[in-house]
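Number of protein chains: 2
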Amino acid sequence: MKVTLSALDTYESSFTPLVVIELAQDVKEETKEWLKNRIIAKKKDGDNNDDFLTMAECQFIIKHELENLRAKDEKMIPGYPQAKLYPGKSLLRRLLTSGIVIQVFPLHDNEALKKLEDTWYTRLALKYQPIDNIRGYFGETIALYFGFLEYFTFALIPMAVIGLPYYLFVWEDYDKYVIFASFNLIWSTVILEVWKRGCANMTYRWGTLVMKRQFEEPRPGFHGVLGVNSITGREEPLYPSYKRQLRIYLVSLPFVCLCLYFSLYVMMIYFDMEIWALGLHENSGSEWTSVLLYVPSIIYAIVIEIMNRLYRYAAEFLTSWENHRLESAYQNHLILKVLVFNFLNCFASLFYIAFVLKDMKLLRQSLATLLITSQILNQIVESLLPYWLQRKHGVRVKRKVQALKADIDTTLYEQVILEKEMGTYMGTFDDYLELFLQFGYVSLFSCVYPLAAAFAVLNNFTEVNSDALKMCRVFKRPFSEPSASIGVWQLAFETMSVISVVTNCALIGMSPQVNAVFPESKTDLILIVVAVEHALLALKFILAFAIPDKPRHIQVKLARLEFESLEALKQQQMKLAAENLKEESRVSGKEKET
Amino acid sequence: MKVTLSALDTYESSFTPLVVIELAQDVKEETKEWLKNRIIAKKKDGDNNDDFLTMAECQFIIKHELENLRAKDEKMIPGYPQAKLYPGKSLLRRLLTSGIVIQVFPLHDNEALKKLEDTWYTRLALKYQPIDNIRGYFGETIALYFGFLEYFTFALIPMAVIGLPYYLFVWEDYDKYVIFASFNLIWSTVILEVWKRGCANMTYRWGTLVMKRQFEEPRPGFHGVLGVNSITGREEPLYPSYKRQLRIYLVSLPFVCLCLYFSLYVMMIYFDMEIWALGLHENSGSEWTSVLLYVPSIIYAIVIEIMNRLYRYAAEFLTSWENHRLESAYQNHLILKVLVFNFLNCFASLFYIAFVLKDMKLLRQSLATLLITSQILNQIVESLLPYWLQRKHGVRVKRKVQALKADIDTTLYEQVILEKEMGTYMGTFDDYLELFLQFGYVSLFSCVYPLAAAFAVLNNFTEVNSDALKMCRVFKRPFSEPSASIGVWQLAFETMSVISVVTNCALIGMSPQVNAVFPESKTDLILIVVAVEHALLALKFILAFAIPDKPRHIQVKLARLEFESLEALKQQQMKLAAENLKEESRVSGKEKET
Numbered sequence: 000m001k002v003t004l005s006a007l008d009t010y011e012s013s014f015t016p017l018v019v020i021e022l023a024q025d026v027k028e029e030t031k032e033w034l035k036n037r038i039i040a041k042k043k044d045g046d047n048n049d050d051f052l053t054m055a056e057c058q059f060i061i062k063h064e065l066e067n068l069r070a071k072d073e074k075m076i077p078g079y080p081q082a083k084l085y086p087g088k089s090l091l092r093r094l095l096t097s098g099i100v101i102q103v104f105p106l107h108d109n110e111a112l113k114k115l116e117d118t119w120y121t122r123l124a125l126k127y128q129p130i131d132n133i134r135g136y137f138g139e140t141i142a143l144y145f146g147f148l149e150y151f152t153f154a155l156i157p158m159a160v161i162g163l164p165y166y167l168f169v170w171e172d173y174d175k176y177v178i179f180a181s182f183n184l185i186w187s188t189v190i191l192e193v194w195k196r197g198c199a200n201m202t203y204r205w206g207t208l209v210m211k212r213q214f215e216e217p218r219p220g221f222h223g224v225l226g227v228n229s230i231t232g233r234e235e236p237l238y239p240s241y242k243r244q245l246r247i248y249l250v251s252l253p254f255v256c257l258c259l260y261f262s263l264y265v266m267m268i269y270f271d272m273e274i275w276a277l278g279l280h281e282n283s284g285s286e287w288t289s290v291l292l293y294v295p296s297i298i299y300a301i302v303i304e305i306m307n308r309l310y311r312y313a314a315e316f317l318t319s320w321e322n323h324r325l326e327s328a329y330q331n332h333l334i335l336k337v338l339v340f341n342f343l344n345c346f347a348s349l350f351y352i353a354f355v356l357k358d359m360k361l362l363r364q365s366l367a368t369l370l371i372t373s374q375i376l377n378q379i380v381e382s383l384l385p386y387w388l389q390r391k392h393g394v395r396v397k398r399k400v401q402a403l404k405a406d407i408d409t410t411l412y413e414q415v416i417l418e419k420e421m422g423t424y425m426g427t428f429d430d431y432l433e434l435f436l437q438f439g440y441v442s443l444f445s446c447v448y449p450l451a452a453a454f455a456v457l458n459n460f461t462e463v464n465s466d467a468l469k470m471c472r473v474f475k476r477p478f479s480e481p482s483a484s485i486g487v488w489q490l491a492f493e494t495m496s497v498i499s500v501v502t503n504c505a506l507i508g509m510s511p512q513v514n515a516v517f518p519e520s521k522t523d524l525i526l527i528v529v530a531v532e533h534a535l536l537a538l539k540f541i542l543a544f545a546i547p548d549k550p551r552h553i554q555v556k557l558a559r560l561e562f563e564s565l566e567a568l569k570q571q572q573m574k575l576a577a578e579n580l581k582e583e584s585r586v587s588g589k590e591k592e593t
Numbered sequence: 000m001k002v003t004l005s006a007l008d009t010y011e012s013s014f015t016p017l018v019v020i021e022l023a024q025d026v027k028e029e030t031k032e033w034l035k036n037r038i039i040a041k042k043k044d045g046d047n048n049d050d051f052l053t054m055a056e057c058q059f060i061i062k063h064e065l066e067n068l069r070a071k072d073e074k075m076i077p078g079y080p081q082a083k084l085y086p087g088k089s090l091l092r093r094l095l096t097s098g099i100v101i102q103v104f105p106l107h108d109n110e111a112l113k114k115l116e117d118t119w120y121t122r123l124a125l126k127y128q129p130i131d132n133i134r135g136y137f138g139e140t141i142a143l144y145f146g147f148l149e150y151f152t153f154a155l156i157p158m159a160v161i162g163l164p165y166y167l168f169v170w171e172d173y174d175k176y177v178i179f180a181s182f183n184l185i186w187s188t189v190i191l192e193v194w195k196r197g198c199a200n201m202t203y204r205w206g207t208l209v210m211k212r213q214f215e216e217p218r219p220g221f222h223g224v225l226g227v228n229s230i231t232g233r234e235e236p237l238y239p240s241y242k243r244q245l246r247i248y249l250v251s252l253p254f255v256c257l258c259l260y261f262s263l264y265v266m267m268i269y270f271d272m273e274i275w276a277l278g279l280h281e282n283s284g285s286e287w288t289s290v291l292l293y294v295p296s297i298i299y300a301i302v303i304e305i306m307n308r309l310y311r312y313a314a315e316f317l318t319s320w321e322n323h324r325l326e327s328a329y330q331n332h333l334i335l336k337v338l339v340f341n342f343l344n345c346f347a348s349l350f351y352i353a354f355v356l357k358d359m360k361l362l363r364q365s366l367a368t369l370l371i372t373s374q375i376l377n378q379i380v381e382s383l384l385p386y387w388l389q390r391k392h393g394v395r396v397k398r399k400v401q402a403l404k405a406d407i408d409t410t411l412y413e414q415v416i417l418e419k420e421m422g423t424y425m426g427t428f429d430d431y432l433e434l435f436l437q438f439g440y441v442s443l444f445s446c447v448y449p450l451a452a453a454f455a456v457l458n459n460f461t462e463v464n465s466d467a468l469k470m471c472r473v474f475k476r477p478f479s480e481p482s483a484s485i486g487v488w489q490l491a492f493e494t495m496s497v498i499s500v501v502t503n504c505a506l507i508g509m510s511p512q513v514n515a516v517f518p519e520s521k522t523d524l525i526l527i528v529v530a531v532e533h534a535l536l537a538l539k540f541i542l543a544f545a546i547p548d549k550p551r552h553i554q555v556k557l558a559r560l561e562f563e564s565l566e567a568l569k570q571q572q573m574k575l576a577a578e579n580l581k582e583e584s585r586v587s588g589k590e591k592e593t
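Heads up: the sequence lines are chains A and B, in that order. In this text, residue positions in the first sequence follow numbering that gives the first Met the number 0: the first is 0, and each later residue adds one. In this text, residue positions in the second sequence follow numbering that gives the first Met the number 0: the first is 0, and each later residue adds one.
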């Protein structure tokens, strides 16, 4: 039988299980005993803050404590001589890698979850999400994702509204396109800047805006020689930063570049295959060859999927080998690596169609196909399918448990069995990536396909609900994770909006309507387009510079916090100095007496 | 007779005069008495830190205290009913504007000055400047200027060395120019980023890196309704920030744009006049018309000078009308306004020659003339001429004082009379502006005139000495001013280096050698140039992003300071909470007793 062991298992009267540690089936008794003692020893050191913290915060603390159970003088895990330990090694990590612990996950709070669902997505009505409640249940990182999704959707509405008439009235005048593109570019800059302010507002309210990442304890995967952190004075593993830099610039960077090159190479092969298939079809023109026309696309799609997966593994391995001290630094480096590759895979073919083949019809068609199919597929694969599977499984478990009729508390037992088998939510990465690629489809070629924004808005309204369903019913409850902002994603979205200035200017410059205005000199046309592009880029940077990242009232509050803490330090040091002085005079007075 | 009144005039045995307040000749006795009392009253509140602070720091404190003497219940300055006061108005400012106080300036410390000069510039030898000593005598702002001047000169040496062979061997191959330009662009990015780190290093050592500008008291020119500062809790004038924003965006910005437009308009008139004079000369070709050829340039130079002065006044008026709370904000806004105008005046004609006339010979010639004449003129007008006048004046004063043979301490009297008549150093603005324009000459058209860097290096080596002479012997000692960095100048230099990417790429694209490589298609050429330019710009931004602004050891120290001060605040608050708890239990205990 599996043993479930709660970290808060202290036989209190109103016992609420928070976190489940699933052990392997054949774990030895001595190992269990040792692990329990280590966890309880740690617990005794801690405070008892039951009433003060939300359930999600308690679970976060338990996770943090478990991850920071580090080996002291143990040479191995008791009962498992092959699972070696050294001072400072994270116990949980070694237990997981040796297969002794299978997983650690927090339990859902069914009552709170039901309440949250009611205000969130079960009743279909146009209203804002209960972001603060989401934060209370799932933590800041996930609440920020839903906040961003909502904000982004509302921000896209003006673009969708302005884009619609272009489709309805088949406007093809270049001046209208120029207006649309200019609006888009300025709008996308403004919304990203305004988001920063809104985000600062939210995280200030939650108390996570001034998270001092430098003061954090290292992530469990971090290894190094045990030493003293020079900032906090705590004992922890240290790893020289220049070594990390060397690993990043001499290994990771070249590897990523190589992968990007390889991906481009594969794309070129795909286009060659397309041409070959088209040629074959035109020459023979049979039924059989018309089927052949689809083959290159299918092969390419499969190859891209395989490359994406392989690259993802490589990126995770490399980033964890870079040995970042903080979870946030690890995440940022991983995101950057994966992002660049995904960007190229998604958009390289569109760039090729736009700027090498210069086929705007094909571009519009590919864009529409990619956008719509990816949106539909995502929603089905991500939420609806798992939800259906989940429900089927739930019915099976219920029957089993009812057949058991054990003496133990069946509802808890049932809940653990049910949630244990649920999928694990791998973090907000894929959700953000989806939004990021969507932003790419909307902004990069917006003047070719103004309808994209409307599709994105439609998709996101349902995405909010399917993502909410996914979080509440499909996946295990994730550990809550505090965060101050959407981190590297802000940078990614901003970079995308800079690139989209370049692409849109180029597309407008290439359009036949604009070319008709400059019938004689193509050079003049290009020079004007380049000049406009530079002016727009300059405007973007000036706008980003002129809009403060934090609203004024928050700036003031942060400054006050800083002022007060520096004043407190000053007083503390003055008091210390005064005490020293007193001590000295006391000693010297005694000396005089003798 | 003039009355000199030292703010530290407290009849101590070892009296060192620090600051001179020059009053008008006919000031009434009651005003003098009142002013003396106000100053002494303020002084009694302060600490006595004589031994702890440097002389420059004492003078800075006196200036700060004088500037923050603010009216309480006085309705006017005693004896001058027309000099109105209202609560919170800076007394010194009103005294200066009513002509009662003529000036306030700190005195030189002749002994320390002599020592400083000996290590600084009197002995001609290739060595680093004694930056720490300069900081001790003149304060951080001026020391940072000299530090930047030195750093910038050394940083230009590689560019000068690489540029020389282009001149010596008359290299005209475009590939060599491309290499030179690319090196320049990357180099200029790197040196600006590295300066930030060096600057952080210096100011950390001086203790000014973490100047909390928000905690500062407002600048004397700042006016508003008396209220409580929400950060520090001190009573001071308040002015709503949205009003300032409105003034900036609705008045200052349009005004600056108008001035820029006007300046461009004047330049176009100049070029028209040039063409007209050239035509006249070619048609008649007499001696008289060949003199006429110089007339447009002379008129243009004079007009530019006048415009510069007028604009400077307008900018100062507007910026002080914008009512910035902090001196640094005032300076930054003023610098930005003047900078943009100066940039246009200096470089617009060069841009016109380069990109409209496309005359590279003329460009090289104008560039050389502008660079060399401005450098020579600057050094003469700025330092040597005033120094010569100053010495002549000094001899005259000495004779007068010797003829006087009064009973008072003649050396002090002589010093005050001498220094009173010295020019006032108007801040580092003009010195930085000179360097900024020099950087423009060197980098904007570097591939047309690679020799510019060599001239700049030569100039700067003498500039260090003439600026030092100017600071020590020509001007009144300036008040020391703490600063954390070179402020908005960093941004200005960075912007210049971004613009220079664009100009250099354009120049290379226009060169006949490059055009010869693409004989058929000019379009391809332009597209390639634009692509290279975008790549270089992207590289610049990535470089700026990848090089941290502060060296690691300083990041760690700052983080530790923050950690310790937050910990101190935590402890303070916990102690407070504990005391409250004790108090409450005491009260409730008493209540039970009764």
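Hint data in this document are derived by calculation from the structure and do not stem from the laboratory. Do not take every clue at face value.
Copies of one chain are not kept apart here, so a pair can be met inside one copy or by any two copies together.
Said to hold, decoys possible - Lysine-lysine pairs mimicking BS3-like chemistry, simulated, CA-CA at most 30 Å apart:
#	residue 1	residue 2
1	556	195
2	31	175
3	242	556
4	195	27
5	569	357
6	195	569
7	88	35
8	569	242
9	242	195
10	556	88
11	242	549
12	521	357
13	475	556
Only a predicted model underlies this, so the values are computations on that prediction, with no experimental measurement involved.
Are any of the numbered hints broken by this structure? If so, which, sorted upward? 2, 4, 5, 8, 13
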